[in-house]
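Chemist: With the hints as a guide, bring the two chains together.
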Amino acid sequence: MIHFDNVTKVYPHQNRPALQHVNVAVEKGEFVFLVGPSGSGKSTFLRLILKEERPSQGHIHVAGKDLSRLSNWKVPHLRRRIGCVFQDFRLLPNKNVFENVAFALEVIGKPRRFIGRVVPEVVDLVGLEGKQHRMPDELSGGEQQRVAIARAFVNRPMILLADEPTGNIDPATSIGIMKVLDRINRTGTTVVMATHDAAIVDAFRKRVVELEDGRVVRDQSRGVYGQAY
Amino acid sequence: MRAQFVFQEIWIGLRRNLTMTIALIVTVAIAMALFGTGLLIKAQVDSSKDYWYDRVEVSIYLCSKTSTNPSCNKADRTDAQRDQLEADLKAMPQVSKVEYESKEQAYSRFKERFSSTPGFVQSTKEGDIPDSLRVRLKNPQEYKTVAQAVNGRPGVDQVINEQEILKKFFRILNGLQWAALLIALIQVFAAVLLVANTIRLSAFNRRRETGIMRLVGASNVYIQMPFILEGAIAGLVGGLFSAVLLVGAKTFLIDRLQGSLQFASQLSWGSVVGVIIFSISVGVLLCAVSSFLTLRRYLRI
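Those sequence lines, one after another, are chains A and B. When the first sequence is numbered by my numbering, its final residue is 234 and no position is left out of the sequence of numbers. When the second sequence is numbered by my numbering, its final residue is 312 and no position is left out of the sequence of numbers.
Hints are supplied without guarantee of correctness; some may be wrong.
Stated by the list, open to error - One side of the interface only, derived from the structure: several residues of chain A facing chain B at Cβ under 7 Å:
| hint | residue |
| --- | --- |
| 1 | Lys-79 |
| 2 | Pro-81 |
| 3 | Arg-84 |
| 4 | Cys-89 |
| 5 | Glu-111 |
| 6 | Ile-113 |
Hints are computed from structural coordinates only; laboratory data are not their basis. Backbone N, C-alpha and C define an ideal beta-carbon position, used for all residues, glycine too.
Extracted from the complex, chain B is given alone in its bound form (with noise of 0.2 Å):
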């Protein structure tokens, strides 16, 4: 008897006013989709960011004859100062692993990595990609003492600390998430104020309801439930399209964007899952707080 009747007036309260309802429901997806994004590439940059910093190196490329730097003078590295090098980097305390890579190792990796264009493959000779040492860190932060050790000693070429280069890719993706969620949050608004309206317009519509409710002693949870219900439905349908956004996105977008770039990613599933639960929440509940909070005003007891 009570569902059933808490049920009807909600039907009543949605299909009175379709147009703000859907407004509401619109408003909520694209919020909650925006949300969802930005919280899918803050687990992507965060699962990725562990991924990468436990295999970055810094590189300690050798002189070779082709190389530009005048320390160099057009020469190849000794040996002895390879050996030299490679002693010292394993004696400093950061380090915890120091490995050679020949000419002939680097061309191979630079043939693997480039076969997808073979014109430029073709136009590098083995032995124009220098050797050099790669330098694993017990901690990225100490990047800098270990290139200032090295820097600038004869045989060295040029130090490159690929923790620089991540840093730069991880920068866009964290601008990419904050954009989504200032978007979102600017839509979360929206959609506060739209709850406002459609809950005070069907609180005015059923002014005549509420009014006879209050007199026969009907509760407050009892009179104000169907509007708060009425909210978290919208929140909910919302909550549900921006979820097959969120689907969709991760299928056509980030799947396919796996695909064709050398990209990392371990965003499965389960993430997805979890982001759409937590989003649909968010929505849900925004939902029904503000319609709670409108009544307050619109419904006085």
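One chain only, chain A, in its complex shape (with noise of 0.2 Å):
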């Protein structure tokens, strides 16, 4: 689903690579924590799936698609199968929670029915019962990110990009979010999930893609944040 085949990533007028010589292969369904102190190349990791950034060299595949090789007016089309989450939620202040998520659908033309069915289902999902008509501000952190989600997960996409969904919410809200990413994961969906919560990842024993000054230090499944922390 995701092949970093030799990726090196060098930001312009920055010396120090942001990501050197990675090797990634994400399959189909696969859960994946991106683990690391910031600074260590997480996010640029996730920039280069969405195509936001070229890598400085090697190659990546997402959805079995070259990216150097997708032309520009393409890229909408791949974005279109990533969904994304963010730490920040970047949900619109002045719409409810069926507007933000009915958004992502709009503005890649979904007819109005078509909204009006799968959008209802989506926030049902994320475990947003009955708050549909709800403005951004009346809602919890935590509700907020469900909304996020639910905006990202709403077009079905094949991979879902997670930037530190928990990073602004307290633990025990983390752990409802991570289950409505489990389920998520559990219908297939590539879940690729960037945090430094050593508690989360502990707890869901995941497979662990560590990242250290933009190198790969440790890839492990079923693994745990690690000992150093």
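Modeler: Here is the structure:
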């Protein structure tokens, strides 16, 4: 599903590469924790999958496509198959829960009837039954993140990328968020989650890829966050 | 669905930076009105040039007792001199037509032209205006050869090329045309900068929305269309205002001028409408293109 083949990324005007010689293969339906300290290259890894950045060296395949051969106008179609969740939720404050989730379908031109059918299903799936008409500022942090997950998942992507999804949420609520991500993973969606929440990684016992200074220093199935922490 | 969504976005964008939008509309309106004025003057010049150049003549005034030219010797030309001149002119290959205008004819034409100022007419008697030979040329550019052939010949007082008078008039109109187009160009420049700023602000105001659109895989056209249409609509509204200004200029300025001056204008409503359509299209296109170019810088894909 996601293949990094000797990928190096150097941002312009920076000497130190953000990623160096990274080889990672994530198969369909896997759940991968991407761990490592800040600045270790986790976000760069996710941005490369979305083709928001191009690798300086090496090749990346996502959903069977070589990203270096993917023309710019096809990038939106790639992104329709990838859902994204962020630490800061990125909801639209002037839209309610339903509209926030529906927005993702509206802007790719889905018909209104389809949206009216699919959005409530996904809102229920993330555990927000009956809160469709709440505004984001009427929701707790955990609930806002559930809205963001619903928006990322509503188009049934093949891959879900989560960049520190529990970073702004207290530990108890984080467990609920992780359960939602796990439920999505069980539908067959590949999930890649960047985090430095050791408790969560240790509790879930999924595959762990650890980055340090842009290098993969550990790739372990059913791993823990790491002894050092 | 799509259309409704796009128009909703445009409306939000235009409303959020209303002051910029108004400034943009006013600038586009002035720019396009001046641009249209320039085009109208050009249309006027072109059509009246054709009209006048078909009618211009070289007037060869013949000697009379009142003329101040020393070669006339304060004497009337003789009939023999007149006939000789007429025959010689008719023989020239450049000349298409020669007409003799007698003193009576000249006087009655004078009376007619200045009928609105009777005092002027009363102080002039028949015979004060000399008789003349009016020469129509095949090609107005060949005026010089004809003038040289007759200048200084006995019986000739002075040779006047009407084309020279017209040229002065057209030079003024041309100057006006270029002045209008120059100011229009400066305004267009200002409009382009304003569009760029408006769209940049708009893109900044909606960076959350566009960021999410990008992430969920909205196509570039879909992301950019609201902004481009926002510019285009501002251009259209500005263009419509300029149309009002141009129609006003036509009814209150040109048509009135035509009434008071002997101004053989062929500026029809058809050409005014043509100019309006053209300048509105230019305004819309200008705004759409400059917002597109701005977006390329501020809305990275």
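Chemist: If a hint holds in the structure, say so; if it doesn't, say that too.
Modeler: Right, here's what the structure says about each hint:
Interface restraint check: Lys-79 (chain A) against chain B, minimum CB-CB distance 10 Å, threshold 7 Å, status violated. With a least beta-carbon distance of about 4 Å to chain B, the hint placing Pro-81 (chain A) at the interface is held under the 7 Å criterion. Interface hint at Arg-84 (chain A): satisfied, since its Cβ lies 4 Å from the closest Cβ of chain B, which is below the 7 Å cut-off. Checking Cys-89 (chain A) against chain B: minimum C-beta separation of about 5 Å stays under 7 Å; hint holds.
The interface hint given for Glu-111 (chain A) is met, as the beta carbon of that residue sits about 5 Å from the closest beta carbon of chain B, less than 7 Å. Checking Ile-113 (chain A) against chain B: minimum C-beta separation of about 6 Å stays under 7 Å; hint holds.
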